[in-house]
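Residue numbers (the UniProt record's numbering), protein chains in the order written: chain A, 1 to 66; chain B, 1 to 309.
In short, the hints are calculated from the structure, not lab data. The structure presented is a predicted model; accordingly, all values stated were derived computationally and were not measured. Hints should not be assumed to be uniformly reliable.
Said to hold, decoys possible - Calculated lysine-lysine pairs in the DSS-like style (CA-CA distance at most 30 Å, straight line):
| hint | chain 1 | residue 1 | chain 2 | residue 2 |
| --- | --- | --- | --- | --- |
| 1 | A | K4 | B | K30 |
| 2 | B | K21 | B | K142 |
| 3 | B | K155 | B | K269 |
| 4 | B | K86 | B | K21 |
| 5 | A | K4 | B | K142 |
| 6 | B | K154 | B | K269 |
| 7 | B | K86 | A | K50 |
| 8 | B | K30 | B | K155 |
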Amino acid sequence: MKFKSLVLPLITSLCLLAFSYFSLVIGTSAVGFVILAVVLSITALLFSYKSSFSKHPAAYSTEAKS
Amino acid sequence: MVDAVVAFFVLGIIAQLLGAKIPFTDGLYKSLSMFLMIAIGLKGGIALQQHVDSSLLFMSVAVIGFGLLLPLVAYPLLRYFGQLDKVNAGAIAAHYGSVSVATYAVAVALLEANNVAYEAYFPLFVVLLEMPAIVVGLVLAKGNFKIINREFIKKELVANQSILLMVGSLLIGFIGGDSVQKLAPLFIELFPGILALFLLKMGLVAGEQLGTLKKNSVFLISFAVLMPMLGGLAGTGLALLLGLSAGGIALMAVLGASASYIAVPAAMKESLPEANAGMSITASLGITFPFNVLINVPFFIALGQFFGA
């Protein structure tokens, strides 16, 4: 996995953390945002680690399915 | 505490993931979505009888501009980070610029359950936000305006099922006067119950879509989570500029955050058959819809109350 494909998951995780902070400020639950941020970050890093050992890193297929 | 209506969505996801066979015919699903569109339109029309004024025209133009802007935000993200081709990026951008009536219905149900007031004319905004993104998405995918011809306008704008049902019901509610109250027992009082049933089905479908996610879907998940947050913030900003109430701020944010999975897929199937429909629907229905219903909608309602206070 290229560094470029890690950027969006990391930006998203940071936004989720920012939303969790806003949630606390406005007095609502932040749990969902935090869990999602952690899961997304770990998934992106794991996938990046795995695909760095793969000879043929997979990209998301854009082929139309029948 | 989880809202009882939303809990049926979670039940649907769990049932699907556990492999339970809950029979839900396509006909029933379509009937329930028709019910929601008619109920939302009627409610808006009844309320509009007392609230119509000239500022609505200015707000409508701003809302259409908002609908044109959202796919222009989504498209570069899809092209640059997802490295998708123009056709698929345009198709997904159209989904994220348009709106989800079910997400809107959930937000309305939660607002009413919490006694938060909102502007009566919002169903009009739901209708106005259906179409602009489809046009922008198609232009981005094709790279020109040739696809926006008379046949397209007739099929996708005039004869569009969601638009026709919601605008028609809105007008009936508006001009029907006191006679509309006869319909209230079905379309107003049963609304939360029917919405719960609809969300059970949506949970089953979302659970199915989640199962199709592959290991290499990290980009798609990231996009489908990030875009509703950006759209919701943009919607909040627009609502503040328009001076809407706490409920209005929440609803505009929810409209910005939601992604279409009924009107846009049908339009894309017709106008962009080469686009990967599975990818768009997985993102909008499998990821964005559950994220919005379970996390984003309660957040934007709280944000609306924070700014509206």
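Against the structure, the hints come out as follows:
{"no.": "1", "hint": "A:K4 with B:K30", "result": "violated, 41 Å"}
{"no.": "2", "hint": "B:K21 with B:K142", "result": "violated, 41 Å"}
{"no.": "3", "hint": "B:K155 with B:K269", "result": "holds, 13 Å"}
{"no.": "4", "hint": "B:K86 with B:K21", "result": "violated, 39 Å"}
{"no.": "5", "hint": "A:K4 with B:K142", "result": "holds, 26 Å"}
{"no.": "6", "hint": "B:K154 with B:K269", "result": "holds, 16 Å"}
{"no.": "7", "hint": "B:K86 with A:K50", "result": "holds, 29 Å"}
{"no.": "8", "hint": "B:K30 with B:K155", "result": "holds, 19 Å"}
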